[in-house]
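Participant: Residue strings, one per chain:
Protein chains: 2
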Amino acid sequence: MLNFNYNIPTKIFFGRNKIEVLAREIKNYGNKVLFVYGGRSIKRNGLYNKITNILNENNINFWELGGVDPNPRLSSVKSGIKLCRENKIELILAVGGGSTIDCAKVIGAGYYYDGDAWDIVMDSRKIKKVLPIASVLTLAATGSEMDSGAVITNMETNEKIATIHDGMAPKFSILDPTYTFSVPKNQTAAGVADIMSHIFEVYFSNTKEAYLQNRMGEALLKTCINYGKKAIDCPENYEARSNLMWTASLAINGLLSYGKETEWSVHAMEHELSAFYDITHGVGLAILTPYWMEYALNGFTVDKFVEYGVNVWGLDANDEKYEIAHNAIRKTREYFNLLGMPSSLKEVEIDDEKLEKMAKQATIRGKLGNFKVLEAEDVLNIYKSAL
Amino acid sequence: MLNFNYNIPTKIFFGRNKIEVLAREIKNYGNKVLFVYGGRSIKRNGLYNKITNILNENNINFWELGGVDPNPRLSSVKSGIKLCRENKIELILAVGGGSTIDCAKVIGAGYYYDGDAWDIVMDSRKIKKVLPIASVLTLAATGSEMDSGAVITNMETNEKIATIHDGMAPKFSILDPTYTFSVPKNQTAAGVADIMSHIFEVYFSNTKEAYLQNRMGEALLKTCINYGKKAIDCPENYEARSNLMWTASLAINGLLSYGKETEWSVHAMEHELSAFYDITHGVGLAILTPYWMEYALNGFTVDKFVEYGVNVWGLDANDEKYEIAHNAIRKTREYFNLLGMPSSLKEVEIDDEKLEKMAKQATIRGKLGNFKVLEAEDVLNIYKSAL
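Order-wise, the sequence lines are chains A and B. Take the first sequence: its letter number 275 is residue 275 in this note's numbering, and every next letter is one higher. Take the second sequence: its letter number 307 is residue 307 in this note's numbering, and every next letter is one higher.
Among the clues, some could well be false.
Computed list of chain B residues with no C-beta within reach of chain A, every gap over 10 angstroms [stated by the list, open to error]:
hint: 1; residue: G39
hint: 2; residue: N45
hint: 3; residue: G46
hint: 4; residue: F62
hint: 5; residue: P70
hint: 6; residue: E86
hint: 7; residue: A117
hint: 8; residue: K129
hint: 9; residue: K185
hint: 10; residue: E323
hint: 11; residue: E375
Using 20 angstroms as the maximum straight-line C-alpha spacing, the simulated PhoX-like pairs for lysine-lysine come out as follows [as the list claims (entries may be wrong)]:
hint: 12; chain 1: B; residue 1: K372; chain 2: B; residue 2: K360
hint: 13; chain 1: B; residue 1: K230; chain 2: A; residue 2: K208
hint: 14; chain 1: B; residue 1: K171; chain 2: A; residue 2: K11
hint: 15; chain 1: B; residue 1: K171; chain 2: A; residue 2: K171
hint: 16; chain 1: B; residue 1: K304; chain 2: B; residue 2: K372
hint: 17; chain 1: A; residue 1: K230; chain 2: B; residue 2: K208
hint: 18; chain 1: B; residue 1: K129; chain 2: B; residue 2: K82
hint: 19; chain 1: A; residue 1: K321; chain 2: A; residue 2: K372
hint: 20; chain 1: B; residue 1: K304; chain 2: B; residue 2: K331
hint: 21; chain 1: A; residue 1: K229; chain 2: A; residue 2: K185
hint: 22; chain 1: B; residue 1: K50; chain 2: B; residue 2: K27
hint: 23; chain 1: B; residue 1: K11; chain 2: A; residue 2: K11
hint: 24; chain 1: A; residue 1: K372; chain 2: A; residue 2: K304
hint: 25; chain 1: A; residue 1: K185; chain 2: A; residue 2: K230
hint: 26; chain 1: A; residue 1: K360; chain 2: A; residue 2: K384
hint: 27; chain 1: A; residue 1: K88; chain 2: A; residue 2: K171
hint: 28; chain 1: A; residue 1: K171; chain 2: B; residue 2: K11
hint: 29; chain 1: A; residue 1: K129; chain 2: A; residue 2: K78
If we take Cβ atoms under 10 angstroms as the criterion, some of the chain A residues that face chain B in the derived model are [stated by the list, open to error]:
hint: 30; residue: I12
hint: 31; residue: L175
hint: 32; residue: T223
These are calculated hints, taken from the structure and not from any lab test. Built from N, CA and C at the ideal position, the CB exists for glycine as well.
Please work from the sequences and hints to get the whole structure.
Facilitator: Given below as structure tokens:
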């Protein structure tokens with residue numbers, strides 16, 4: 001196990017009606033709130049009204065930044081920073097999924113940064129301080145509600161970049177699984193693929209001696225596999241929604257990655273798909289993951305795929321090891337298909353036109369991964385295999 | 001999954017040489033430290049000298065409270081409170097295992113309490129504020145380094161009572177697995193039994209729909225089973241020591257219990273063994289656990305034992321369910337034996353003389369458990385079966 005520093009300060013209020021703590025918790029930080037949200041869904045399902053009522057009834061002043069897109073834009077960040085400065089905001093409340101929370105985080109960091117906000121995305125060391133962030137989660141996927149990372153897209157330059165800073169971890173997040181009942185089937189599926197990908201990115205690792213983290217990773221994967229389809233088939237199944245929601249948070253808050261060398265190759269490759277074609281992050285991950293697995297499978301890595309196949313998919317440990325590995329990959333692809341996800345780039349209307357450019361862009365900050373090191377050529381090979 | 005509030009604020013510095021952060025982290029809280037420790041072991045292995053050197057070199061003023069016993073005494077707590085008040089202590093640094101840390105926690109709480117310190121053990125609602133606590137851990141067992149509980153023994157009244165308060169969670173803990181290399185075999189074994197018992201106390205539960213927590217519990221149990229014997233046989237096996245140390249912290253910091261109804265019957269029963277006979281906590285747990293399992297096994301609970309047997313011990317799910325359950329219990333007892341732990345009260349020189357009194361005492365604050373509710377008579381039956 002590698003050395004690590006564990007610090008997960010976010011308080012989580014989990015369960016039905018936990019929104020009741022909202023006003024009390026906000027008041028620990030101040031009385032002036034920037035309310036950040038996406039758009040239609042929280043107005044349609046009543047959450048927008050519920051939250052504005054709570055804020056009004058408790059004499060909390062708030063300003064709104066709505067219309068934050070999936071793959072949140074730098075332009076939204078800049079609008080938010082302006083609103084915060086003009087109104088001396090004391091806490092940023094994100095209501096929505098990961099995109100909304102990520103946007104709020106970088107607004108909070110940009111508030112204290114004098115230069116162009118893109119600078120702090122490109123180089124997180126420039127972040128010195130962050131306005132307090134809080135969230136009310138409506139989608140089980142990115143884990144942004146309990147981690148200190150954010151991903152922002154610059155549409156002008158086709159760049160989608162992750163930045164990270166301890167101060168961006170939300171002070172508190174409210175996780176009421178009933179708020180995910182109205183998430184459509186395709187978004188539920190994309191969320192599950194995103195969660196599973198977060199686990200894979202730290203599960204497949206050279207740090208063999210992190211036994212505990214490996215077993216916990218399998219625990220989370222099994223939870224995704226057990227409940228993903230159930231949540232799609234029965235959107236109001238509380239057991240499924242609550243297990244997925246909590247798994248999403250634990251998958252990327254550090255619990256599984258502390259003490260391990262990590263990978264994050266598939267995310268880096270997918271970010272280019274989203275940056276160039278604006279496809280849903282989880283869909284891109286579901287497509288690329290099995291192709292990455294096939295590409296990563298070799299004499300050095302096969303034992304890890306066997307571990308995965310036996311412990312997660314219940315494959316027979318007595319079978320030949322490459323047979324187990326290939327079956328584990330096949331089962332992964334089949335599971336994404338079962339959730340209704342595509343298995344090729346063609347299905348999301350991506351052809352080979354920009355693959356070379358994307359592969360170059362994906363590796364512009366250096367090679368990807370450790371378990372299977374990828375250079376631009378490798379990324380291109382994986383993209384091509386996924387066509 | 002039940003509603004829950006998650007709040008685990010302790011920072012963990014994990015790994016070799018992490019003691020290097022000690023002075024820097026202390027200085028976030030002040031410059032006057034009460035240094036609490038047990039006795040011989042940290043003087044023998046050099047840790048006492050290392051820490052006093054760090055404190056001296058960094059001009060941190062400190063006062064010492066040594067000689068804290070296993071099953072820490074109320075008398076130590078009172079001495080500590082006096083030292084803190086006389087010297088205007090700003091942080092209490094516990095160096096040792098759970099007993100030392102528990103003692104430090106209640107000193108910290110007692111500092112702000114005007115009445116007799118036993119009051120705040122008996123009724124944690126009387127705790128309003130706690131001096132900052134920090135720890136350097138030398139034993140993988142109680143998890144006190146990352147939770148907000150403490151157990152104190154009043155030798156005058158033969159009472160061993162747990163108290164809990166958010167403020168008692170350490171601000172930071174330093175976990176260097178090499179500090180556990182010198183833990184003797186019997187204490188290593190008792191530590192593993194303690195960790196496993198913490199997991200059992202929340203694993204066996206009526207909250208069936210906490211699937212994620214159940215799978216995580218199994219992940220931690222498998223880690224204990226994989227490394228317990230290895231740590232005993234090869235005390236300097238870093239992989240074993242690090243996995244056990246981190247498992248100890250995660251077993252009881254809330255991760256496994258949030259969202260579930262919990263049990264804590266075996267702990268309550270064991271506390272009487274320690275209070276009346278001053279035996280090692282983990283030894284008492286290892287003896288009682290299999291007998292509790294046998295007593296708890298019935299038509300309502302058998303499926304949970306099957307889940308345990310199949311997922312933790314790899315038993316064949318196709319076997320008859322009571323057969324699986326009995327085999328799972330047998331394997332639990334055999335594993336404790338493999339670690340060198342006793343399986344009967346006789347082996348630790350406890351006879352039937354005080355069992356009735358202890359059973360009454362164990363249930364004085366009400367029935368135990370939820371998964372299997374125990375009244376005084378049930379506790380007595382379990383004690384008797386364990387003779």
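Participant: Decide, hint by hint, whether the structure agrees.
Facilitator: Now the hints, each set against the structure:
1. Non-interface status of G39 (chain B) relative to chain A is upheld: no Cβ of that chain comes within 10 angstroms, the nearest being about 29 angstroms off.
2. For N45 (chain B), the non-interface assignment is confirmed: its Cβ lies about 20 angstroms from the closest Cβ of chain A, beyond the 10 angstroms cut-off.
3. Look at G46 (chain B): its CB is around 20 angstroms from the nearest CB on chain A, clear of 10 angstroms, so calling it non-interface holds up.
4. At roughly 24 angstroms from the closest C-beta of chain A, the C-beta of F62 (chain B) stays outside 10 angstroms, upholding its exclusion from the interface.
5. Chain A leaves P70 (chain B) outside its interface by the beta-carbon criterion, the shortest separation being 26 angstroms against a cut-off of 10 angstroms.
6. With a minimum CB-CB distance of about 33 angstroms to chain A, E86 (chain B) clears the 10 angstroms threshold, and the non-interface call stands.
7. Every CB of chain A is more than 10 angstroms from the CB of A117 (chain B) (nearest about 29 angstroms), matching its label as outside the interface.
8. No beta-carbon of chain A is positioned within 10 angstroms of the beta-carbon of K129 (chain B); the least distance is around 17 angstroms.
9. At the 10 angstroms boundary, the C-beta of K185 (chain B) stays outside the reach of chain A, the nearest C-beta of that chain being 21 angstroms off.
10. Here E323 (chain B) stays apart from chain A, with its beta-carbon at least about 21 angstroms from theirs, past the 10 angstroms limit.
11. Against the 10 angstroms criterion, E375 (chain B) stays outside the reach of chain A, whose nearest CB is about 31 angstroms from its own CB.
12. Distance restraint check for K372 (chain B) and K360 (chain B): the Cα-Cα separation of roughly 17 angstroms lies within the 20 angstroms cut-off, and the hinted pair is therefore satisfied.
13. A distance of roughly 16 angstroms separates the Cα atoms of K230 (chain B) and K208 (chain A); the hinted pair therefore holds under the 20 angstroms criterion.
14. Simply put, K171 (chain B) and K11 (chain A) have alpha-carbon atoms about 15 angstroms apart, close enough for the 20 angstroms limit, and the pair holds.
15. For a cut-off of 20 angstroms, the pair hint linking K171 (chain B) to K171 (chain A) stands: about 16 angstroms separates their Cα positions.
16. With a C-alpha separation of about 12 angstroms, the suggested pairing of K304 (chain B) with K372 (chain B) holds against the 20 angstroms cut-off.
17. Simply put, K230 (chain A) and K208 (chain B) have alpha-carbon atoms about 16 angstroms apart, close enough for the 20 angstroms limit, and the pair holds.
18. A threshold of 20 angstroms between alpha carbons decides the hint, and for K129 (chain B) with K82 (chain B) the separation of about 17 angstroms falls inside it, so the pair holds.
19. Between K321 (chain A) and K372 (chain A) the CA atoms are separated by roughly 18 angstroms; this keeps the pair inside 20 angstroms, and the hint holds.
20. At roughly 15 angstroms between alpha-carbon atoms, K304 (chain B) and K331 (chain B) fall within 20 angstroms of each other, so this suggested pair holds.
21. Among the hinted pairs, K229 (chain A) with K185 (chain A) is consistent with the structure: their alpha-carbon atoms are about 9 angstroms apart, no more than 20 angstroms.
22. The straight-line distance between the Cα atoms of K50 (chain B) and K27 (chain B) is roughly 17 angstroms, inside the 20 angstroms bound, and the hint therefore holds.
23. Restraint check for K11 (chain B) and K11 (chain A): the C-alpha separation of about 14 angstroms stays at or below 20 angstroms, so the hint holds.
24. The suggested pairing of K372 (chain A) with K304 (chain A) holds, with an alpha-carbon distance near 12 angstroms, which does not exceed 20 angstroms.
25. Proximity of K185 (chain A) to K230 (chain A) is assessed by CA-CA distance (about 11 angstroms); at most 20 angstroms being required, the pair is judged to hold.
26. Distance check on the hinted pair: K360 (chain A) and K384 (chain A) sit about 14 angstroms apart at the alpha-carbon level, within 20 angstroms; holds.
27. Pair hint K88 (chain A) plus K171 (chain A) holds up; C-alpha atoms about 19 angstroms apart against a cutoff of 20 angstroms.
28. Restraint check for K171 (chain A) and K11 (chain B): the C-alpha separation of about 15 angstroms stays at or below 20 angstroms, so the hint holds.
29. Taking the CA atoms of K129 (chain A) and K78 (chain A), the gap is near 17 angstroms; set against the 20 angstroms cutoff, the hint holds.
30. Annotation: interface hint on I12 (chain A) holds; nearest CB of chain B at approximately 4 angstroms, less than 10 angstroms.
31. Against a cut-off of 10 angstroms between C-beta atoms, the interface hint on L175 (chain A) holds, since the closest Cβ of chain B lies about 9 angstroms away.
32. Restraint check, T223 (chain A) versus chain B: the minimum CB separation of about 5 angstroms is within 10 angstroms; hint holds.
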